[in-house]
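Student: Sequence:
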Amino acid sequence: MLIESYRDTALEFVVHCAMKRQNVRTLSLVVCTFTYLLIGAAVFDSLESQTEAKRWEFLQAVKNNFVKKYNVSTEDYRMIEIVIIENKPHKAGPQWKFAGAFYFATVVLAMIGYGHSTPTTVAGKLFTMCYAMVGIPLGLVMFQSIGERLNKFASVIIRRAKRASGARCTDATEMNLMLATGMLSSIIITTGAAVFSRYEGWSYFDSFYYCFVTLTTIGFGDYVALQNDQALTNKPGYVALSLVFILFGLAVVAASINLLVLRFMTMQAEDAKRDEQDAQNIAAGNQPLTFDDDSTYNMHGKLLENNYTTENDETVSLCSCTCMGGTRCLNHEQFVDPDFQPMDIIESTLCLKRASV
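When we follow the UniProt record's numbering, the leftmost residue of the sequence shown carries the number 1, and every step to the right adds one.
The hints are simulated quantities; they were obtained by calculation from the structure and are not laboratory data.
Model, not experiment: these values are computed from the prediction.
Where a beta carbon is used, it is the ideal one built from N, C-alpha and C, also for glycine.
Accuracy of the hints is not assured; some may be wrong.
Claimed, not checked - In silico BS3-like links for lysine-lysine, alpha-carbon gap of 27 Å or less:
(1) Lys69 x Lys54
(2) Lys91 x Lys235
(3) Lys91 x Lys63
(4) Lys54 x Lys68
(5) Lys88 x Lys235
(6) Lys162 x Lys152
(7) Lys69 x Lys97
(8) Lys91 x Lys125
(9) Lys97 x Lys273
(10) Lys68 x Lys88
(11) Lys63 x Lys97
(12) Lys20 x Lys273
(13) Lys88 x Lys125
(14) Lys68 x Lys97
(15) Lys88 x Lys54
Unchecked claim - Using C-beta positions, here's what the derived DEER-type ranges look like:
(16) Leu260 x Leu59: 41 to 47 Å
(17) Thr118 x Leu27: 38 to 44 Å
(18) Ala61 x Ile157: 55 to 61 Å
(19) Thr51 x Arg163: 20 to 26 Å
(20) Leu59 x Ile257: 53 to 59 Å
Work the whole structure out from these sequences, hints included.
Tutor: In structure tokens:
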């Protein structure tokens, strides 16, 4: 009965420790994330706020000069702004013909959300929500599956390359796969940047920025391909190339994310397995149970070690008997301090056993 009670206590203790570690890990992630957000906000503030203020001053000066030169009222100027903003998406041609609609559907499914074109009718908005509810999970599963296939293919190539080079270990490690997918992602982004720089007339850096924002599904919308020179209707090859870039690039990025997720899940599984093994060892008596006060007990509940005492404690006893230091205890051994004797404070001649060991 005592052993069963101890086993239950041991299991509860191990579960408590495991939950405590998980809580500490979660709290650490939350603190690190918010710290990262604060650092990012401070950096963006220092980099962009002054430029934003200068741009606003410049635009206000241009507006005032325009209104003064052409004697335009505030209402008329506001109408001109609306017309220019509403006309911008139409520079690429019809956005809702099949080519433009397919491009929009791809952006929705990939969760990029450029914002270059949006539905205006109630039916279109309702269908967009329903379409996204089904399409986004479908896209995630598809990209994840393609990512797993890419990782499998990369592992085969890595193993063959290691065997050909005569390496002792021919297994494809997670680090090898991460390096492979990282290199492939870099190749796709740099190649795509060169292509978009040529077709869109952007600088290479801006094209690289567009590719990165697209494949990470950030999708600010400040740079959007296929929005100039009626590209959606007059350049079908370029449209197809852009769609292939988005879909294949997201699959490669999904392969990298798949490795990170698998690594995190492996760490979680290893922790759970270690906790389970500790519980089994403690319950079987193969491993002592250590509490937060550094006291160690065996499976029968007997105290094996208590680290509260230190070498500097003058009252540390070396006695192996179970007495309380009575003057008639013949088995009582010396204390660490030779000048300290129990009979100095215990005058009784009785040799009493301690209530607990």
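Student: Can you list which hints this structure breaks, lowest number first?
Tutor: 7, 9, 11, 14, 19 and 20
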